[in-house]
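Visitor: Below, each chain spelled out in residue letters.
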Amino acid sequence: MNLDFSDEQKQLRDQVRRFLSEKCPPAAVRKILEGSSAFDRDLYLGLAELGVLGAAIPEEYGGVGLGDLELCVIAEELGRVIAPVPVSSSIYLTAEFLLMSGSEAQKACWLPKLSSGEVIGTFAFNEGQGRMTPDKVQARVEGGKITGTKAPIADGSIADFAIVAARDEADGISLYLVKLDDDGVSRDALESIDPTRDQTRLTFDGCPAELLGGQGEGWHIASVVMDRAAILLAFEQLGGSDRAMEMARDYALERIAFGRQIGSFQAIKHMLADMYVSATLARSNCYYGAWALASGASERPVAAATARVSATTAFQQCSKNNIQVHGGMGFTWAFDCHLYYRRSNALALALGGLSTWESLLIERMSAGNTESAA
Amino acid sequence: MNLDFSDEQKQLRDQVRRFLSEKCPPAAVRKILEGSSAFDRDLYLGLAELGVLGAAIPEEYGGVGLGDLELCVIAEELGRVIAPVPVSSSIYLTAEFLLMSGSEAQKACWLPKLSSGEVIGTFAFNEGQGRMTPDKVQARVEGGKITGTKAPIADGSIADFAIVAARDEADGISLYLVKLDDDGVSRDALESIDPTRDQTRLTFDGCPAELLGGQGEGWHIASVVMDRAAILLAFEQLGGSDRAMEMARDYALERIAFGRQIGSFQAIKHMLADMYVSATLARSNCYYGAWALASGASERPVAAATARVSATTAFQQCSKNNIQVHGGMGFTWAFDCHLYYRRSNALALALGGLSTWESLLIERMSAGNTESAA
Amino acid sequence: MDFQDTPEEAAFRAEARAWIDANAPKHLEAELKRASFGSSGLTSEDPVAAGKAWQKKKAEAGWACLHWPKEYGGGARTPIERVIWNQEEGPYAVLSGAFTIGHGMCGPTVMAWADEEQSRKLLPPLASGEEIWCQLFSEPAGGSDLAGLRTRAVKADDGSGDWIVNGQKIWTSGAQISDWGLLITRTDPDVPKHKGLTMFFLSMDTPGVEVRPIKQANGASGFNEVYFTDVRIPDSQRLGDVGQGWKVSLTTLMNERLSIGSGMSTGFPELFRFCMEAEIEGKPAIEDSAVRTRLAQFAVKQSGLKYTGMRAITALSKGDTPGPENSIGKLVAGATMQELAMFALDIQGEAGVIWSEDSPQRGRFQAMLMRSPATRIEGGSDEILRNIIGERVLGLPGDIRVDKDVPFKDIPTRGGS
Amino acid sequence: MDFQDTPEEAAFRAEARAWIDANAPKHLEAELKRASFGSSGLTSEDPVAAGKAWQKKKAEAGWACLHWPKEYGGGARTPIERVIWNQEEGPYAVLSGAFTIGHGMCGPTVMAWADEEQSRKLLPPLASGEEIWCQLFSEPAGGSDLAGLRTRAVKADDGSGDWIVNGQKIWTSGAQISDWGLLITRTDPDVPKHKGLTMFFLSMDTPGVEVRPIKQANGASGFNEVYFTDVRIPDSQRLGDVGQGWKVSLTTLMNERLSIGSGMSTGFPELFRFCMEAEIEGKPAIEDSAVRTRLAQFAVKQSGLKYTGMRAITALSKGDTPGPENSIGKLVAGATMQELAMFALDIQGEAGVIWSEDSPQRGRFQAMLMRSPATRIEGGSDEILRNIIGERVLGLPGDIRVDKDVPFKDIPTRGGS
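Residue numbers (UniProt numbering), protein chains in the order written: chain A, 1 to 374; chain B, 1 to 374; chain C, 1 to 417; chain D, 1 to 417.
The set of hints was computed from the structure by calculation and includes no laboratory data. Heads up, a few of these hints could be off.
In silico contact screen, one side only, chain A against chain B (beta carbon under 10 Å); selected entries [what the hints assert, rightly or not]:
id, residue
1, Ala267
2, Ile268
3, Lys269
Nothing here was measured: the structure is a model prediction, and the numbers come from that model. Glycine included, every Cβ here is placed at the ideal spot set by N, Cα and C.
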């Protein structure tokens with residue numbers, strides 16, 4: 001029994017952390033926040049070069065051929081620095097879709113380019129307001145051409161292609177690979193609570209769409225891939241939780257009020273203790289998720305929802321209380337607290353919000369995977 | 001605009017409080033807890049003599065002829081001392097059922113005796129586990145005789161008669177007045193989390209049952225009366241919240257740890273502040289309920305649910321944190337903290353639990369009484 | 001227990017309603033109803049100019065500063081009348097945003113501490129909206145520890161009796177549009193911190209005063225930093241004695257509490273409307289039991305604050321002074337609004353991340369999410385409010401103070417990590 | 001990342017399982033599975049006698065005190081092996097309840113501070129269950145402030161070197177069945193409070209020792225008061241130097257943390273089963289979205305504690321010492337269990353008030369409701385645990401101490417209201 005990363009995985013973590021502390025300081029995130037561009041291309045290419053993007057992609061498709069656990073370690077580090085790059089869209093989702101359901105040709109065509117950062121992919125799933133359900137999928141493919149509107153789509157402005165969930169000619173839901181440089185695609189950038197990550201409305205007006213995976217299997221494939229990605233996003237949230245907690249801790253040590261370090265007041269000290277508790281539970285649940293992700297255990301659906309609910313709760317709590325510990329300064333644009341607050345609330349909604357995952361967790365537990373409850 | 005009790009009502013409060021502080025100290029409550037009897041008969045008769053039981057019963061039926069607001073004031077005081085008497089069963093419920101739906105003969109027969117404390121009434125509604133719904137009412141009246149089982153029934157061991165909700169011959173739900181000294185009645189006392197209030201299983205095996213109110217109107221009448229009683233129970237909860245908070249405050253001032261009054265630690269101070277906030281919100285919501293009760297406003301259903309949800313939350317919070325402030329001593333049988341903890345959790349379930357009232361509140365608000373949301 | 005107006009109150013309400021109906025800038029109503037979180041909602045006109053115009057009209061008809069005496073330009077009305085006025089003024093009250101601090105806090109402080117001649121000169125233009133005041137109290141090093149301020153005032157060495165001020169203030173609402181400021185300074189760092197403070201008022205045009213807006217986390221800029229470089233203030237602009245500044249400031253802060261209305265909003269009415277319209281898996285969100293539970297808990301907070309406000313007004317109308325118990329409004333509203341916003345976004349699903357005019361209620365919940373952290377801090381953080389309730393309402397002992405009897409200059413200013 | 005046994009671990013597990021299968025008192029299994037909240041569940045046999053019998057069997061076969069050295073009657077097993085043993089022992093572990101404090105805390109303290117001869121005399125009968133130990137630390141005046149204890153030990157004036165002890169202890173688990181006690185006393189009230197303490201061990205038969213059970217709020221009596229009246233203890237039963245008692249006690253308290261298993265239970269598995277069976281308005285409770293939301297939040301706490309325990313065991317097996325971070329278990333479990341019990345009763349509706357064998361799961365949720373307040377207090381209250389996490393895990397400064405450098409006798413003992 002061993003619920004920890006290996007020494008090699010920890011070395012990878014240190015390596016990625018060193019790289020990111022140099023290449024992705026808060027100033028780099030602010031550049032994107034303030035609109036200089038939709039993502040940090042240099043950072044992204046640097047990550048590609050470091051082997052981060054291809055970590056879990058097999059060597060035969062241009063990847064490094066490490067595994068899911070390595071990707072978890074990387075995700076945590078990206079979350080710590082709230083990196084303004086499309087790794088979740090292009091790697092956790094798009095590459096996984098290809099690996100799970102792509103034809104040999106599709107994999108050979110796209111995976112090496114995703115791994116090298118040469119192209120960016122995204123997953124075009126959402127339509128309309130509220131929890132996604134199969135009936136909300138209205139985009140439609142007829143005669144190999146797709147028509148419809150998808151929003152909000154993370155990294156839609158910068159992606160080269162998208163995996164799109166759409167109605168097929170049998171009115172089932174299938175997945176399609178759609179290149180976004182086609183004339184029939186319009187992209188409208190959307191304002192969001194977290195401008196450090198691109199959000200876009202994609203409108204398809206009869207663009208070529210290539211089937212990915214079996215016809216009518218779109219919803220099932222998407223569920224599996226979203227579960228896997230949820231675990232990786234939970235690691236990003238975990239990294240963010242830890243960093244927000246550390247920022248608050250450091251400020252509580254440095255800041256003096258009433259002649260004392262504010263961390264000596266129980267109101268602050270206990271708020272930090274509760275942040276620690278929440279982040280620790282999230283870490284343990286994420287490790288459970290990592291184990292399920294890597295081992296392919298039948299518990300993965302439960303583990304994914306567990307990790308996600310726990311990490312969402314932790315990151316929202318840590319990021320909001322980080323502002324509270326900082327007081328007025330924490331609410332200035334100049335301090336970095338709001339960057340974490342924005343990201344925590346954006347990540348809370350990615351792939352479906354907290355209530356969706358809470359409901360999924362219990363549904364899945366009651367559907368039979370109850371041994372994990374004990 | 002005046003959201004407060006009148007000076008006369010405040011004088012009544014002082015009078016009742018003085019009476020109860022003499023006649024209902026914690027030792028009196030403990031006697032019932034420890035099983036000497038099912039309720040404090042002397043206290044109950046004393047309350048009758050003081051005019052408390054008949055406060056809201058018209059003079060023509062032997063009451064004092066004051067109003068609902070006076071009953072609110074009284075309920076708060078009974079709640080403060082967690083009085084071990086059947087006022088809620090006999091007055092908030094039974095007397096109200098008679099006043100709302102009793103025939104002239106029924107009123108004339110029973111109200112004077114309820115008012116004098118000579119007889120005790122109760123409401124036999126519950127059957128089985130979980131939220132009560134019309135389909136759970138299985139007790140049945142045929143040819144004027146009732147058969148079935150009702151549990152748990154508050155004060156069922158000591159009541160002289162009960163208002164029973166049962167299926168009538170048309171399979172509708174009607175209310176019946178049933179005398180409990182009949183041979184066909186068995187009473188089984190039940191163990192409960194709050195032994196200071198009697199809980200009993202009543203089994204009817206063909207006892208005479210006299211219709212109260214219109215046939216088939218039982219569910220409707222019960223809903224109205226339970227709403228009214230819910231406001232009074234909320235006042236009991238409010239009184240209990242305040243007293244539990246005061247106990248905690250007094251202990252935090254008296255107890256020394258680490259050379260300081262423990263109330264000087266923010267962990268304790270802020271816990272008490274949160275208890276105060278919760279009790280204050282409950283007080284304001286209870287006053288809203290009192291206004292709706294007394295004025296017969298169309299907002300009463302919303303106000304009842306509002307008062308109830310708020311007061312349930314406050315009393316549970318105050319009673320559990322009262323134990324926490326007291327530390328180990330708070331968990332001894334000898335300290336009074338558990339008496340309030342027990343009562344708070346028992347009252348939380350009376351007339352339906354928190355989730356039931358939460359659901360009712362929003363259902364009612366969305367059904368049109370939305371002005372109160374603003 | 002009565003929500004009805006007395007006949008006198010009803011008459012006052014009718015009078016107020018009629019006057020507002022005849023005089024309010026109705027062409028702005030629709031825009032003003034969009035006000036949210038520091039924005040007046042006005043785009044067709046300059047909000048400050050529109051506010052000044054409305055205030056002037058009110059002053060001319062006797063509807064300005066209802067709680068002030070008439071000799072200073074006020075209306076000398078009862079607390080209940082003020083509440084009725086507020087109810088009737090409705091969306092137009094947003095126009096008075098720029099005057100809130102001057103009317104509610106600076107004016108009463110001037111009234112209490114300035115001499116009669118100064119009061120008669122300073123207060124009427126403040127009441128009528130010709131002049132705007134701001135409050136220069138908070139400092140970067142201060143935060144919750146208000147008395148820890150470092151802005152220094154020293155006597156000029158030219159024998160004029162003037163004071164020379166150097167330092168920095170922060171979180172000053174409206175500094176950029178203010179004519180006057182109420183300024184607290186440290187005049188003696190050798191005595192314990194509450195004892196070495198002195199209060200002044202000054203024209204914001206005084207040379208050496210520089211205002212810089214602060215960009216907030218939500219992108220707005222309601223607050224400012226104000227820098228003082230060798231700013232000269234005549235001794236006649238001192239309020240209270242030298243060293244008495246803390247006592248003077250308490251007048252200001254106590255008056256903050258007097259501004260009670262119908263309780264702060266938690267955002268519940270908006271959330272309720274939203275849940276009536278939104279759907280979860282094809283059914284109205286309001287029918288989902290998880291939504292109902294959350295809504296019910298938010299509802300009782302909203303209504304608890306509303307009726308707490310009414311109980312406070314009732315007490316006020318019976319002659320009681322509002323006390324520290326009114327601290328609960330912001331404490332409950334701030335935290336509730338933050339939770340509520342997160343919940344509203346959750347119901348919106350992934351679309352909740354979008355913050356635009358096309359979002360439900362024009363992005364109001366996204367705005368709440370981004371503004372609510374400030375509500376939990378400004379004007380007394382959650383933690384300070386819990387201390388106030390614990391100590392001043394419940395009578396618990398104060399925190400242990402290590403800075404109490406120490407000369408100000410000897411109090412440490414920086415911890416180590 | 002791996003939940004599988006290594007081949008060595010699998011072999012150990014098989015061996016343990018086989019031995020337990022052959023030797024455990026299977027006739028008690030059904031009763032033991034009903035154990036809850038301090039009750040062993042046993043009614044057919046005396047729980048202490050049954051516990052002693054099982055412990056003796058384990059000791060004879062080398063399965064007692066797996067973490068102790070063999071020379072003191074232990075099994076000298078690795079942390080992972082202990083975890084495997086615990087998993088396999090299952091319901092029979094309840095039988096060892098009376099030994100928990102002796103094996104987990106008193107024994108290691110004796111090992112660390114007594115001389116070799118004493119250790120060889122005292123420890124083997126403790127390991128084999130012949131003798132039971134209790135820990136006499138807490139006092140009425142102490143509570144969270146453990147070092148504030150007032151039980152006095154003074155040198156006898158007869159030149160014997162013996163100590164005479166007077167005072168009172170409280171919250172002593174198992175005192176009424178214990179043979180030995182670990183006793184901390186104050187030997188010098190003229191020095192600051194942590195400096196004047198001295199540790200002893202004594203036979204609970206010593207004249208002048210009187211044990212009185214405490215009735216708890218939930219009606220049970222797991223704890224005792226222990227009164228000392230002129231109790232004479234030879235100086236040879238001192239552990240550590242005079243005045244070194246606080247340091248000795250830290251050995252005991254640190255060992256409390258070593259008793260890590262699979263994390264404390266929050267009651268979630270029981271609640272989940274209950275919600276699978278219970279109905280709300282005619283439908284399974286588990287399908288109600290409000291129930292799902294609450295369950296999910298409880299579920300992630302339960303699983304978070306479970307995997308936090310596994311992470312701690314992983315660290316332990318790599319040679320790390322468990323630290324203050326393990327404080328989170330009780331902090332999370334206590335509060336969660338209390339909330340969860342209230343929620344379970346709510347689902348039961350008015351019937352939730354009934355606490356009987358006929359209640360769902362034989363009244364387990366009612367028992368949780370009534371027991372959980374103690375969980376939030378015993379062995380370090382929620383507030384103490386948050387201080388420990390804040391200070392010892394996150395490195396925040398300690399609370400301001402007013403009792404630190406003050407002679408113990410000058411520390412006030414009573415506040416005023």
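Visitor: Indicate, hint by hint, whether the structure satisfies it.
Guide: Comparing the hints with the structure gives:
1. Ala267: Holds. Min distance 5 Å.
2. Ile268: holds, 9 Å
3. Lys269: The hint holds - Lys269(A) has a Cβ within 10 Å of chain B, the shortest such distance being about 8 Å.
Violated hints are absent here; each numbered hint is respected by the structure.
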